[in-house]
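Chain by chain, the residues run as shown.
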Amino acid sequence: MEQSGTSALLQGAVQDIASDVVSALRGGDHVRMSGTMAADDIEGGLALAAVRVLGADLLLPHVLFPTPPAPEVLAVFRRTVEAFPLRPDAAPTVRWSHWAMRRTLLRLDTPLNGPPGMAADPEPDAGWLDDAPWQTLTHQLAVLTPLALPGEDCAVALAARRRPVDVARGFVRAVRRRDWQQAAGAGRWLTLLDGVPDTLGLETGLDFVELMGGTDPRVALQVQAARVVRAAGALV
Amino acid sequence: MTDTRLMHTVGVRALEWLWAHRDGFRLETDVDPEVGFLERFKPVGELALICRVLFREGVAGSRQAELARKLLDHTWRHTLDGGRMLVRGQRIEPMSPIPFEVYLPYKELGYSEPEVERATVLYHRLESWSALELDPTRRLGLAAFQRRFGLTPRPPEAALVAPTWLARRPEPWTVGGHIAYDVTHTVFHLTDWGEHPEALPPDIADYLATWLPVWIDDWLDLKRWDLLGELLVIDACLPRPTLDERAWEGFAAAQQADGAMPAVRGMPEGEPDEVFDMIYHPTLVAAFASVLATSRALSELTHAAP
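Taken in sequence, the protein lines are chains A and B. Using our numbering, the first residue of the first sequence is number 1493, and each one after it goes up by one. Using our numbering, the first residue of the second sequence is number 2, and each one after it goes up by one.
In short, the hints are calculated from the structure, not lab data. Just so you know, even glycine gets a beta-carbon here, dropped at the ideal spot from N, CA and C. There may be inaccurate statements among the hints.
A short list of chain B residues far from chain A (calculated; beta carbon distances all over 12 Å) [to be verified]:
no., residue
1, L50
2, G59
3, A66
4, R70
5, R78
6, S113
7, H186
8, T211
What follows is a set of in silico ranges between Cβ atoms, one per label pair, in the way DEER data are often shown [claimed, not checked]:
no., chain 1, residue 1, chain 2, residue 2, range
9, A, D1622, B, T153, 22 to 30 Å
10, B, E272, A, G1619, 53 to 61 Å
11, B, R266, A, G1536, 45 to 53 Å
12, B, T10, A, R1670, 19 to 27 Å
13, B, F56, A, D1686, 42 to 50 Å
14, B, L123, A, P1625, 49 to 57 Å
15, A, R1654, B, D74, 41 to 49 Å
16, A, R1654, B, R247, 21 to 29 Å
17, A, P1625, B, R6, 20 to 28 Å
18, B, L302, A, A1583, 38 to 46 Å
19, A, D1617, B, T10, 41 to 49 Å
So here's chain A without its partners, still in its complex pose (with noise of 0.2 Å):
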């Protein structure tokens, strides 16, 4: 099926983010937003509705490491959490992931509307990750890998640590479908859970969706995040 323009514009502008997002994992260094930031009113419109795809992992690396982010990128960031707000109907992956952007702010900015040290949004539920078959699991770990990050103790995350198993079925299945995207998320999800299977083969398993499917730089992104996980692990 063809692509509609926008969609593919938004992609492109995604994509373009996620190579910052990644080149600042490599580097420990700032996420700069070089192409995306350089943009007019209506393109500015699109680097928001790209920062609300990518959710709070455009500033995972100055959750990973400790470097305050660019004034700049997060005033956007800020911005695109005001641009879209929850909606009472709103899917609870989504709804998670709007959680998340928030309480990224308000770990690297002042807190929204309000004074600082407000309380943290109270956390969505979880609960449907609980009756989710493994296969469903996955995809929505994989949609949700904002919030794959040491020490996370919201429920999502106590949801994949309970299903070590079933997540790295999850991995096997998106890697043997070729869906490098979810696989990569699924890998960076196993990266933080005790339990999972040797016999998974995970740090290759991860160099092996880096090899066929890193081009995209969203799937780089988890890899690399996988990686700076992996080795945060090592050092503990």
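Mind docking chain B on chain A? Use the hints.
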């Protein structure tokens, strides 16, 4: 868990198709020896193996058991000419294990051709036979057959497990169609075609319990019924079979009204013999998976009973 009747019915229908198409089990007696007279023995041997499983498990209905017996009689008397065709095969290609492999299940079911046995005992003494360069899985199978025949396998069976793909328990995401067939056949041989699930080494059983659900899920969605059927057999060989409902429902739905099971997606088109050659195997596998899964489901019921 899947409805036992659904699993059982798949096998009943498969046997009906095999009986109705029994003339498809045919040898090509006038084939050029260079092409290979033995090529067409494989379906006959597989049929005998599956029928033996069916008698062994004792869960076949009377109609199914009758058809299995008639199929064995038919193929022994007509296709194999009372075993003479196996003798002929051994004379054309003495070092091929195929005539022996086809013969064994017939022998276990009471059929006999002394000349095949005499040749087998002789070949077993040859260095050449034990040195044949077979795939590790095939070599393991041949050793198991030698044991069942009453010979001491050369090389010993225990030494033949380690070289198989499955024994190494490799990365499960590397499994493709060819590797998957190696996996299923290793399990067939290790368990004597499902007779001894407990003979599966615990580390292999654990490995399969973890990853088999992924492979079943995948090949179900790909509609690769032949391989899915073999994977469902493997499931029934595990200490705790899942008898996966979604997989069995998909498998049963792929079966045609006359009992034929296509290998991939839908039914192929072509001359009757061509179609037979393409679908006899998945249909046999359907019978095999059905009888083992039914047997395991009934055992679970027995164990669950107060």
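Okay, the hints, checked on the actual structure:
no. : hint                         : verdict
1   : L50                          : 29 Å, holds
2   : G59                          : 34 Å, holds
3   : A66                          : 38 Å, holds
4   : R70                          : 41 Å, holds
5   : R78                          : 45 Å, holds
6   : S113                         : 45 Å, holds
7   : H186                         : 20 Å, holds
8   : T211                         : 5 Å, violated
9   : D1622/A / T153/B: 22 to 30 Å : 54 Å, violated
10  : E272/B / G1619/A: 53 to 61 Å : 57 Å, holds
11  : R266/B / G1536/A: 45 to 53 Å : 49 Å, holds
12  : T10/B / R1670/A: 19 to 27 Å  : 35 Å, violated
13  : F56/B / D1686/A: 42 to 50 Å  : 48 Å, holds
14  : L123/B / P1625/A: 49 to 57 Å : 56 Å, holds
15  : R1654/A / D74/B: 41 to 49 Å  : 56 Å, violated
16  : R1654/A / R247/B: 21 to 29 Å : 23 Å, holds
17  : P1625/A / R6/B: 20 to 28 Å   : 24 Å, holds
18  : L302/B / A1583/A: 38 to 46 Å : 41 Å, holds
19  : D1617/A / T10/B: 41 to 49 Å  : 42 Å, holds
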